[in-house]
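Start from the sequences and build out the full structure, keeping to the hints where you can.
Anchor point for the sequence shown: position 611 equals 611 in the UniProt record's numbering, and the numbering is continuous, going up by one each time.
It should be emphasised that the hints constitute simulated quantities derived from the structure, not laboratory data. From the three backbone atoms N, C-alpha and C, an ideal C-beta is built for every residue, glycine too. Treat the hints with care, as some may be off.
Cβ-Cβ distance ranges computed for the label pairs, FRET-style [unchecked claim]:
no. : residue 1 : residue 2 : range
1   : Tyr408    : Glu357    : 30 to 36 Å
2   : Asp64     : Ala325    : 55 to 61 Å
3   : Pro438    : Asp203    : 45 to 51 Å
4   : Glu510    : Thr61     : 54 to 60 Å
5   : Lys225    : Pro205    : 19 to 25 Å
6   : Asn509    : Ala325    : 25 to 31 Å
7   : Ala563    : Gln588    : 41 to 47 Å
8   : Glu71     : Asn23     : 37 to 43 Å
9   : Ala55     : Glu552    : 39 to 45 Å
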Amino acid sequence: LARMRGINLHKAGMEGLDSETINKIIEENSKGSKFYENERRRGAILKEQVEEKLAKLRSLTPSDIEAGEKEADKLLRNFSAERRFDRCIIHIDMDAFYAAVEMRDDPSLRLKPLAVGSQSMLSTSNYLARRYGVRAAMPGFLGKKLCPQLTIVPPDFVKYTEVSRTVRSVLGEYCDGGASGLVVMSLDEVYLNITQHLKQRADWPPDRRTYWPRVAPKTPLLVCKCAKNNADSTVADLLVTSSASNSPSKFASTSSNQGNSRSSTTSSTTACSNTPPSTISLVVGKDEALATCLLCGMLIKTGPRVFGTSAEEAVREMRFRVFCATKLTCSAGIAPNSLIAKIASDLNKPNGQYSIEPTLEAIEAFISSLPIRKVGHIIPCEHWVVPLFLFGAESGGYKSAKVPGIGYVTECKLKAFGVEMIVDLWKKRGALYHLTSPTAMHYYMRITLGHCEDEWAEGEGPHIAGFSGHRSSHQKSMSTERTFQDCSDMDTLLAKCRKLCVSLVKDMNEAHVKGKTVTMKLKLDTFEVRSRSQTLPDYTCSIDIIFQCASEILKDEVKAELANNSKALTLRLMGVKISNLVPSAMCQQFRQETLESAFDRGFKGAKDEEKCEEIPNTSIPETTSSIITTVKESTSANEDNEFSTTVCPVCSKELKLKDLEQMNDHLDTCLSRQTVLEAVQETFTSPQPSTSKPPSVAVKRPARPTGFGGPLDKYFRIE
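Structural data, given as structure tokens:
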């Protein structure tokens, strides 16, 4: 456990690798680095956590285990009652997306181990590079150690964004609710519900389900010509006679093709330090109608394709159309829920699909036989569904909220408890109930049933002009982050911070949402990760406000590092996240609910006792039209005439009111920018209480200590 985390062999394209050899190379070439020391620290912490849990496990009595099983069984019964099998959920995952785009645009890269990224970090790798253990989220220098012939190209997020937009435009035609129904997890990963499409598709005539392999009518066919043009008879024969099967007989030896330039490129990969693959499949994909040529990337089969009406046929059709639009392949999973669909999409990669029957027996048989790591990074049941916002050129690292799953750390803990397969989660449920958090226990029990709520698939929610999505009951977030060379220069860091804010706000505007909580993610040169958050007074999508908040957090961290460790803060990654999202069109509604709730609390408190609280002095900068919604109330009751005195949360004036209607009338007047600004100005020019205040009512206002500053004062100060 104290060793560095090993390679994940459950990733597509990395099955069957010699993990011991790969891990040894990684560890030997990492020793002495900051990355290695950070991994050692994390390993030591993990070991301590596991030992603590094991001690607790040993202390459990049989009655404790039995009680835990009963509680777990209650969860299982509840989840079982919620399961649905009437939906058809599809998970589409582009194959080695960034690398595939680069190989498409530069054919000389097709038969080379390729990664996209830099010496500091790799974003992805093609399937040939994966055979040497090169993977995403690996430093580029380690990739070079595993495969000295590795070609690393810098990412081009402008290009990837355009391709992603094209993919989503095709998929939107099949999704229930159209483009707005798509759940976009990243540039290369999408969920969609095609239940309604299948009902309509059943009545479609064959001509509506027929497509030619071309980008558009009267354009050239996207069909392989390598068999005709290739001088190597072995390659030509394989391509001509191929039945699109990846059987060993359809593999070309990398050492027998020395006479051809393309083949010699293939044989050069044998120089890699790790044991290289001795054969390379020239045909990618097992479906004859969709299989492509490794040499040119085009379809093997010519002629039109007529697709059927089933779910499998609909997915084949959308994959074919995605290829025709982008010249890129994708893989798909078909299942009654997103959890199973996500796992299924990984089983026939690349250029394949896998379907799970929508029955209880099929799902339980499928999920129980899987190792626990297979359910890492699955889609959450609760999330924000947004329209097809266009990922900006600077948002290549963008992901929706970090999705839950079973990663390396959780895998280590579960294996220490004797849990290696999904079925073990059920067998050990009694102990897990006492060893894990309630949230984790709920998650594990859902997994054992292969259950995912998929609230997004309901297609219900507030449909508001300018907002074509819906919000779940759980607040989510949007974020973007960047890895860069170690940097401690403050001006450079602030410039990077603003660039991230611009990218984030662009995504927010295209998604028609505003947020309230800003979080900064900072990864130091020592690989230590820090996260700092600040909640704003009001929902916003302003670049200036978000940057002001983020930059203040960054400056505070720089000062703290200098004070605590007597050195400059050196970063290698920075991220900005905005959470507490609401649709832009609903912001006023959320403000009104907040104000009414505050007023109700004021009236209730007035009947019980007099509340004397500090009323903060705040100002609103000209760069924003936000309304301060942080409410601090001061109320008192007049026993004689049943009037209540309360403080308006907008203008901070004390009001003598009888009912909520009078409060609403006052708020209607207050809730305009000019009125708010005048009220704030009045606060600073005339600090004395209003003369209209009834003399019989006394409200105490404690003086603010010298130098006092609330957590929000730095965002609303008068210069």
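For each hint, the structure was consulted:
1. Tyr408 - Glu357: 30 to 36 Å: Between Tyr408 and Glu357, where Cβ atoms are some 32 Å apart, the hint holds.
2. Asp64 - Ala325: 55 to 61 Å: 57 Å, holds
3. Pro438 - Asp203: 45 to 51 Å: 47 Å, holds
4. Glu510 - Thr61: 54 to 60 Å: 56 Å, holds
5. Lys225 - Pro205: 19 to 25 Å: Check failed, 33 Å falls outside 19 to 25 Å.
6. Asn509 - Ala325: 25 to 31 Å: 26 Å, holds
7. Ala563 - Gln588: 41 to 47 Å: With Cβ atoms ~42 Å apart, the hint holds.
8. Glu71 - Asn23: 37 to 43 Å: 38 Å Cβ-Cβ, so the 37 to 43 Å window holds.
9. Ala55 - Glu552: 39 to 45 Å: 43 Å, holds
The structure fails to meet hint 5 from the earlier list, while all remaining hints are met.
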